[in-house]
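**Student:** Chains as they are written, first to last, in my numbering: chain A, 1 to 127; chain B, 1001 to 1082.
Incorrect hints may appear among the rest.
Unchecked claim - Covered by chain A, according to a simulated footprint, are these stretches of chain B (three or more residues, beta-carbon under 8 Å):
#1 1006 to 1020
#2 1023 to 1036
#3 1052 to 1059
Unchecked claim - Quick list of simulated restraints, FRET-style, between CB atoms:
#4 Gly73/A <-> Val1019/B: 27 to 33 Å
#5 Glu74/A <-> Gln1052/B: 27 to 33 Å
#6 Glu1056/B <-> Ile113/A: 16 to 22 Å
#7 Glu1010/B <-> Glu26/A: 22 to 28 Å
#8 Asp1028/B <-> Ala68/A: 18 to 24 Å
To be clear, the hints were calculated from the coordinates, so they are not data collected in a lab. We put the beta carbon where it would ideally sit given N, CA and C, even for glycine.
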Amino acid sequence: MMERTRQLHFVEPLPGFAGEDEYTLEPIDPRGLLFSLRAVNEPSLRFVLTPAEAFFDDYNPDVAGAVAPVLGGEDISLLLVLTLGVGLADATANLRAPIAVSASTGRAVQVVIDDETLPMRERIVRQ
Amino acid sequence: MLILTRRVGESVIVGDDIVISVIEVRGDAVRIGIQAPRSVSVHREEVYLELQRANEQAASSSDAAIGAVVEELMGEDRPERD
């Protein structure tokens, strides 16, 4: 669903980055595993995201019902924020706070899931 | 900072439309209920601060790191995904 570049409007700024709410989401690799999320007004601000299902088959938090009214669309996808170190082996994903996107409205929000067992830094490949 | 005392079942109102209620007090733990409009985000403070740090760290991933990870991913024999 996100094979092309999209403009995203964040209904709340990402925590830590107040003031930026317009971003461009763009595929990085041809397989659709990695996306860059770059602030329109601050292009040096760039996150790397991955579709939630790409590395975490069983990750399916129940957020669609809560965020659909906020994003104005039912077609909710979840993207995880990655922190990259030197390679794939130490790359981590934030499972506690995924980014919910409605492709139809172009709106997005980072959701904090109220489940303390979900880590903010989980390795994306099993060791 | 306003400091006040409330009993179980009592509330405080913040602005026009945010209501914070004391639901239960047990030992040093207090259960509170927060009613706020959708436009107001409510977070546990320590979780919010940790998320700020995690996001700041995530935003510092270098081009070189991205390139290295892409290379590793493309080298793997992973199935295509829709």
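**Student:** Each hint: holds or not?
**Tutor:** To see whether the hints hold, each was checked on the structure:
1. Under a criterion of three residues with beta carbons nearer than 8 Å to beta carbons of chain A, the stated coverage of the segment 1006 to 1020 of chain B fails, only 0 such residues being counted.
2. Here the segment 1023 to 1036 of chain B counts 0 residues with a CB under 8 Å from a CB of chain A, which misses the bar of 3, and the coverage is violated.
3. Using a Cβ-Cβ cut-off of 8 Å, 8 residues of the segment 1052 to 1059 of chain B lie near chain A, which meets the minimum of three, so the contact claim holds.
4. Distance hint for Gly73/A and Val1019/B: a CB-CB separation of about 29 Å, consistent with the stated range 27 to 33 Å.
5. Taken as a hint, the range 27 to 33 Å holds for the pair Glu74/A and Gln1052/B, whose Cβ atoms sit roughly 30 Å apart.
6. For Glu1056/B and Ile113/A, the Cβ-Cβ distance of about 20 Å falls inside the hinted range of 16 to 22 Å, so the restraint holds.
7. For the hinted restraint 22 to 28 Å between Glu1010/B and Glu26/A, the CB-CB distance of approximately 51 Å leaves it violated.
8. Our hint of 18 to 24 Å for Asp1028/B and Ala68/A is violated, since their Cβ atoms are close to 37 Å apart.
Checked against the numbered hints above, the structure violates hints 1, 2, 7 and 8; every other hint is satisfied.
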